[in-house]
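*Asks:* As a plain string of letters, each chain reads:
4 protein chains.
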Amino acid sequence: MPTEVKGLNEECGVFGIWGAANAATLTYFGLHALQHRGQEGAGITANDAGNLQSERGLGLLADVFRDPRRLARLTGTAAVGHVRYATAGNHGLENIQPLAFNFSDAQFALAHNGNLTNARTLRRDLEAAGAIFHASSDSEILMHLIRRSAAATLTEQVQEALRQVHGGFAYLLLTNDRLYAALDPNGLRPLVIGQLPTGGYVVCSETCALDAVGAEFLRDVQPGELVMINDQGLHISRYTTHTQLAICAMEFIYFARPDSNIYGVNIHSARKQMGRRLAEEQPVAADIVVGVPNSSLSAASGYAEASGLPYEMGLIKNQYSARTFIQPTQALREQGVRMKLSAVKGVVAGKRVVLIDDSIVRGTTSRRIVKLLKDAGAAAVHLRIASPPLRYPCFYGIDIQSTKELIAAQQTVAEMRQTLGADSLAFLSERGVIDAVGLQTTAPYGGLCMAYFNGDYPTPLYDYQAEYDAEVQVHTQK
Amino acid sequence: MPTEVKGLNEECGVFGIWGAANAATLTYFGLHALQHRGQEGAGITANDAGNLQSERGLGLLADVFRDPRRLARLTGTAAVGHVRYATAGNHGLENIQPLAFNFSDAQFALAHNGNLTNARTLRRDLEAAGAIFHASSDSEILMHLIRRSAAATLTEQVQEALRQVHGGFAYLLLTNDRLYAALDPNGLRPLVIGQLPTGGYVVCSETCALDAVGAEFLRDVQPGELVMINDQGLHISRYTTHTQLAICAMEFIYFARPDSNIYGVNIHSARKQMGRRLAEEQPVAADIVVGVPNSSLSAASGYAEASGLPYEMGLIKNQYSARTFIQPTQALREQGVRMKLSAVKGVVAGKRVVLIDDSIVRGTTSRRIVKLLKDAGAAAVHLRIASPPLRYPCFYGIDIQSTKELIAAQQTVAEMRQTLGADSLAFLSERGVIDAVGLQTTAPYGGLCMAYFNGDYPTPLYDYQAEYDAEVQVHTQK
Amino acid sequence: MPTEVKGLNEECGVFGIWGAANAATLTYFGLHALQHRGQEGAGITANDAGNLQSERGLGLLADVFRDPRRLARLTGTAAVGHVRYATAGNHGLENIQPLAFNFSDAQFALAHNGNLTNARTLRRDLEAAGAIFHASSDSEILMHLIRRSAAATLTEQVQEALRQVHGGFAYLLLTNDRLYAALDPNGLRPLVIGQLPTGGYVVCSETCALDAVGAEFLRDVQPGELVMINDQGLHISRYTTHTQLAICAMEFIYFARPDSNIYGVNIHSARKQMGRRLAEEQPVAADIVVGVPNSSLSAASGYAEASGLPYEMGLIKNQYSARTFIQPTQALREQGVRMKLSAVKGVVAGKRVVLIDDSIVRGTTSRRIVKLLKDAGAAAVHLRIASPPLRYPCFYGIDIQSTKELIAAQQTVAEMRQTLGADSLAFLSERGVIDAVGLQTTAPYGGLCMAYFNGDYPTPLYDYQAEYDAEVQVHTQK
Amino acid sequence: MPTEVKGLNEECGVFGIWGAANAATLTYFGLHALQHRGQEGAGITANDAGNLQSERGLGLLADVFRDPRRLARLTGTAAVGHVRYATAGNHGLENIQPLAFNFSDAQFALAHNGNLTNARTLRRDLEAAGAIFHASSDSEILMHLIRRSAAATLTEQVQEALRQVHGGFAYLLLTNDRLYAALDPNGLRPLVIGQLPTGGYVVCSETCALDAVGAEFLRDVQPGELVMINDQGLHISRYTTHTQLAICAMEFIYFARPDSNIYGVNIHSARKQMGRRLAEEQPVAADIVVGVPNSSLSAASGYAEASGLPYEMGLIKNQYSARTFIQPTQALREQGVRMKLSAVKGVVAGKRVVLIDDSIVRGTTSRRIVKLLKDAGAAAVHLRIASPPLRYPCFYGIDIQSTKELIAAQQTVAEMRQTLGADSLAFLSERGVIDAVGLQTTAPYGGLCMAYFNGDYPTPLYDYQAEYDAEVQVHTQK
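Chains as they are written, first to last, in the UniProt record's numbering: chain U, 1 to 478; chain S, 1 to 478; chain E, 1 to 478; chain V, 1 to 478.
Please keep in mind that the hints were generated in silico from the structure rather than gathered at the bench. Quantities reported herein were computed from a predicted structural model and do not represent experimental measurements. Hints may be right or wrong, so weigh each one.
[Unchecked claim] Derived coverage of chain S by chain E (criterion: at least 3 residues anywhere in the stretch with Cβ under 8 angstroms from a Cβ of chain E; other residues may be distant):
| no. | segment |
| --- | --- |
| 1 | 95 to 103 |
| 2 | 164 to 170 |
| 3 | 180 to 188 |
| 4 | 257 to 267 |
| 5 | 296 to 305 |
| 6 | 343 to 356 |
[What the hints assert, rightly or not] Chain S residues, not near chain U, derived (Cβ > 10 angstroms throughout):
| no. | residue |
| --- | --- |
| 7 | Ala131 |
| 8 | Phe133 |
| 9 | Ser136 |
| 10 | His144 |
| 11 | Arg147 |
| 12 | Leu218 |
| 13 | Arg362 |
| 14 | Gly438 |
| 15 | Thr459 |
Cβ coordinates follow ideal geometry from the N, Cα and C atoms, glycine included.
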């Protein structure tokens, strides 16, 4: 579950529902449970007897729907919703989803989590054929492909379109009479199906959103599947058979909520197991174990148990909004971290601390936390990271598209230790992550995408190949 | 200048500027002067060295740009802006303009005032060819046509697209390196060109917006013209020669600001002349002349002068926002009018009042105002309307698309008098409007579109023909 | 009715109601009609079965009550409300009225329009006796005096307190079981009583607020009266017999709404009469008469009628909020006026204009308007002011406490004409004002306070005497 | 650290600073660290060269200061701030602190944490002597007493006033030239002094606020002390010698932040020790230990360590604002809890859970959490509370003034177990709390106020004696 202090961002969460009274309100509750997947925009489109209405805005879900009339307008028994993280340069309203489309004969609302690797090529081809684009994001492309398909039925049109897009994607598409859900051939992003006690269906990014609306988990959407839900029920087809599981390892390490399950594996338990394994792989003589709240607490408790060291609350996260509107002077800006995190002097003073963090991106925050602990009197800070070093960009929907900002792509572990000011530094092995997650699969890397760690991408990179090559060249020279 | 109490709405105002420091801020000032043309949404797109950035939102311009950072983000030396009135059913953010389009090789921002009569046909044809639509309004159509044109240059593509759209339109199209402005072949909507003292150009809906930014009036855009402004200057071409002036009479009667000129005619002066002519055509024995503020004050002063009766301030409009967030009880709802308008008892008590209004739409407001005056002690209220009865729908950009809501389409003048509770009721003749405006032209109806009064539309109705026929049939049977 | 462009501000409007369902909502409507008397803060206190609840805030009434729950909380059948203009240095929330007081045995809510001349002395004496003060304004003083009175009944306590405060005041005091209203011995501020059709009573600053809630005017509160309203009805007593009518002339000239009556005189009619008289006293050869909107339109129409010149709408006021949140560059700041007012070129070009304004304070706005007309092509601008020159400070509740900012206190009429850039300049005589208002009274100056014009204050100045002497000395030396 | 789901509220947090550039901004940071002590109102008063300016408002600190100009206005080198919890019936703006007082010769700003037991008597006496009260809270009383004191110096006046108020109080009083801080004779509320690296002084409710501004802890303010800070430094006096330490036990159990120290005892460590002791006193055969986030995590980890059971994250708290503006239907209202807390099925399913909570107030939340865990598949839920049953009201500043809402005052432990649906229920002993805190003192109850548990109040109850007797009578009869 992302802390706000780390520069690592999932790009989206999606939630769709069909066949439920108060569909938009349930979508609100579901999105609230998915808010950790995106905090910079939110929207809901509802279907009332075939007519689609949307409300969208910038900011947190609760900000967008502060005026209760906005949700009240979204009547009907089906809906899709979206929370989004906005990457630099496309923070505009036109990128807030669900995207709405209005045709003479149909309406569509599209919600997308992920990133396409052949978007630029598709876009150029579509433009050459007269297509127009409003947003700067990838998400309109699928709609163009669907509408240009010559296939006989809408389902076939969607399948044909899905075969043309590559990369990581979980799509929800609401129409006048049905809800589609589709997952990429590697299952890079999570997507699950649940059922309400009253019979309606839910498709969403994480099981925590099923719990939030009282829906029972049915199954994970499988790579290459197209789900269609209408008043007749749930229909699952495959748009491709060229599939191989490679779900984003960072979902287990950092993004997903601890109470969610992915392919039957509970996130908290997987993280705790990573912590245990880390203790075995990278032990250290110390007095207490402290986790960076909130995302690393599971791993920290695992480390504590396996090492036999006491688990202590040596860092406190302020639970109140750190969104401050104050422009601090340069002298006061350093206070920023302290407004979010504080060290518990009474706990850490004089102690050798094993500090557990789930991952390191830029290193800025880690350096500040190490300093915070030392200022609070820690005798030593041994930094243990419950994942391997992040060295390669992600092209499937996580906001690390350049390695320039990744400290582990720029420095050796020894250099990093020095930069961060820690007394020692060690990472969990790739094998450790794979074993801790423990998916039942014969797919490479235990069914995980480990590309950020080892550069082995589960798909061709298409439009990104050139910039990846440039990155790696720099990387190798170093 | 529309009062808020009348159900008659212009759909838009547009403002574009090229070659000026602070282009977005000047656009803000220009749109502020055009706010009377649309109060439900506003947006600005600015061009900074070829890069387009947009800010848009629901509500008044000042509400949309309440956070000063929104305007500050819009750097650059060119911009287009738009204020809009949202018709029922399309109040969503996706309809707020300028519409932004992002292509691999280009960006566009489109602002549109008007309404197309062949939009449905064009849309259906485009959709059949794979085009996708976000908004429910007409405005995306032009972009599709431009991008699908096979013409060699962008200017020729725009011209080809303009020849395909019919109805009333004033378009502004900002690109990475130029600003286009186009007017329909009948000049149904106003559009003027001005020049800043520093040399930059402005194209906008009314001359009052030129004054607001200190630009000097150059000329009205003529029917069928395409204006192109870039760093080399101003270039005017014609995309069609099949033109005939038929500018919306309601611009003179009601919409445009009194300080604007259209084709050299000052709006206040035209209205005052309508009032004089009304006094000649429809005299009545009375004590004082009172106009409905603010839109009818010019006509009322003309009536007073021509009749020799004293012009009095018998009605006061509250200058403070009547946008109340209170949900009054049914008993209190009637207060609504009194919050906006009040009668001056000391002026009207015991007097025979000639009440001048510029037009009557539903009649609801007129009935309330007559009652307000009688409750204040008026001995008689003789209602004189400074335009002919509104009997036919408008398909060119004014929100009267059905005659069901037009009292004059449902009742005779005698019936209306009774409905409104006035002691007498009379209207200005069509001839009176034409003479009062007095354009120098040989076009029919003195260059005005008088279709709301007489059903004689200056263009074929295309997609609207069927519903017009149905309207008229009902109309004739009655 | 104040335009926003003039630096002359009334300090308050008050509204009280007793014995009406929805008392707070009616108070909201009443205050909305009084909004012109103060735009920087608003509040309402309601009495529900003896229990007082308040809501207050900075800004316009509609802003303070934007959240409908704020008004919904104010249940009960009695209420007092207040709109305030905040003078520099006391813009804080603690000065927003009604002031609420909570005692073991009673609650009070106090709303005050006016200014005391012996406030500093009273405050010093009270403090010496242990009194504590929250706000920096005068209004708490009365509450202290009431609570310290040894008189037997609350009414006698209030009367005793009223005899100790001097200056201009209209007080409303809501308690658990009654509503008091009191006016100073000179009746410097307006205060009227009305009755609702359902029997409840209203006391408020102007009759326009009676109209806004459908109350019938009963009578003006007289100088030196204390009104008490409770469930048994209306009770009027006198707390002093040393009274002499001297109502603020500026209420007739500028502050009050045109549809209000004061002592039976309609404000619009009085202003029109001032305009007529001005035409007689100060004629000029010209082509048209133009008034500064909105406050000078009545006087301008009177001038036009008396002079036989046509009355024209040569200036337009933008009806949309000029509250801009933009920080314009120095170059753009001059635009500010144009955002509020614009000249109608088509009307004024080539014409000799008689420009009517109700008064001149600093002269800044007048200079800009003259320039605006000349820029629009006026052949001449003859400025005629429908009141005498403002030369002396007001100590009774209007924000002109120093003559340093009054152009007429610093310059001769000839100098002013040059400063303002007008072709001629002339003012209405004091006699002209008095005759135009025409109150039936034997009091000096026809029952008006003319002190801003002639320095003849109707009361001793007490605490202000010293600073007045200093002002006048400077004044005389010049 | 209070979760939002429990009905137990501290009434305030205070922060004062003297001798620091950016005093108001540092106060903002300090209050942000104290936000858990009150979320319904916040304010800051700053002293710029002897002149006091205030900003106050309803809601969270970040909401009150959303407009950055509000903080920017608070210039100067000294300030006091306050965050408040508003009890029902006094949520108005007049109760938001610091309270500001303006006198002819002085200004004061008063911030108060606590509750007086003789407020009603003092108020009645003061009112009889003519004192007026704005707010309904106790806090104005001290100001009256100071101003009515005949003592020679301000310090003596303050001391005399402090000797007259009884109960629990920590006061900060900012004047034009100094900052006072005072603590009640039992030290019921926490108050600490720190020093900035630049030399300025800070006095605030908890040490976490010292850390937030980089101040070094100097000492706890002792019972009966009056601290005075001015440009000459820090001066500590005693206003009474009748003191005996009895600090609120609930500060250790629930209110204070885990990273704060009180009298040298770290809060997290004390809570962890309570958890250890609870495991010894109330062991149970189970599989895992789960704490209610966030306030019970320390105690839960202590219980886990002492019991040897694994500590698991079985409950997740949604970190995003649960302040929803939606009015859910009755059917959806139950969702409310799930929006804040969710059970981790993968962790608790099939497990016997020891659920640790710090305290039980009404029991409503506990019942829901037990159900949440059982719905998630917990085989058993053994509820262990890390404090004794709450049976008596608090009169010193915590919002439990009636026992009617305290489940432990109404039911036996066996009844409570049944009401809450737990498989077993047990509480920590009073001795356990006292030992876990372990203050070095000979005062009764180890220097803690344990009255909520045993009714033994450290002070006379004065005005509350009668209602306490009534409560207890009911209590005893049951």
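*Asks:* For each hint, tell me whether it holds in the structure or not.
*Replies:* Against the structure, the hints:
Residues of the segment 95 to 103 of chain S lying with their CB closer than 8 angstroms to a CB of chain E number 0, which falls below the three-residue condition for coverage. Residues of the segment 164 to 170 of chain S lying with their CB closer than 8 angstroms to a CB of chain E number 0, which falls below the three-residue condition for coverage. Figure legend: the segment 180 to 188 of chain S, annotated as covered by chain E; annotation inconsistent (0 residues with Cβ-Cβ distances under 8 angstroms, at least 3 required). Judged by the Cβ-Cβ criterion of 8 angstroms, the segment 257 to 267 of chain S is covered by chain E as claimed, because 7 of its residues qualify and three suffice.
With 4 residues having a beta carbon nearer than 8 angstroms to a beta carbon of chain E, the segment 296 to 305 of chain S meets the requirement of three or more and the stated coverage holds. Coverage of the segment 343 to 356 of chain S by chain E holds. Counting CB-CB distances below 8 angstroms, 5 residues qualify, and the rule asks for three or more. Listed as a non-interface residue, alanine 131 of chain S fails to keep its Cβ farther than 10 angstroms from every Cβ of chain U; the least gap is roughly 7 angstroms. At the 10 angstroms boundary, the C-beta of phenylalanine 133 of chain S falls inside the reach of chain U, the nearest C-beta of that chain being 5 angstroms off.
Not every CB of chain U lies more than 10 angstroms from the CB of serine 136 of chain S, the least distance being 5 angstroms, so the non-interface label is violated. Chain U draws histidine 144 of chain S into its interface by the beta-carbon criterion, the shortest separation being 6 angstroms against a cut-off of 10 angstroms. Distance check for arginine 147 of chain S against chain U: the nearest CB is about 5 angstroms away, which does not clear 10 angstroms, and the non-interface claim fails. No Cβ of chain U comes within 10 angstroms of the Cβ of leucine 218 of chain S; the nearest lies about 32 angstroms off, and the non-interface call holds.
Annotated as non-interface, arginine 362 of chain S keeps its C-beta farther than 10 angstroms from every C-beta of chain U; the closest such distance is 25 angstroms. No Cβ of chain U approaches the Cβ of glycine 438 of chain S within 10 angstroms, the least distance being about 43 angstroms, so the stated non-interface status holds. Every CB of chain U is more than 10 angstroms from the CB of threonine 459 of chain S (nearest about 22 angstroms), matching its label as outside the interface.
Figure legend: structure checked against the earlier numbered hints; hints not met, in rising order: 1, 2, 3, 7, 8, 9, 10, 11.
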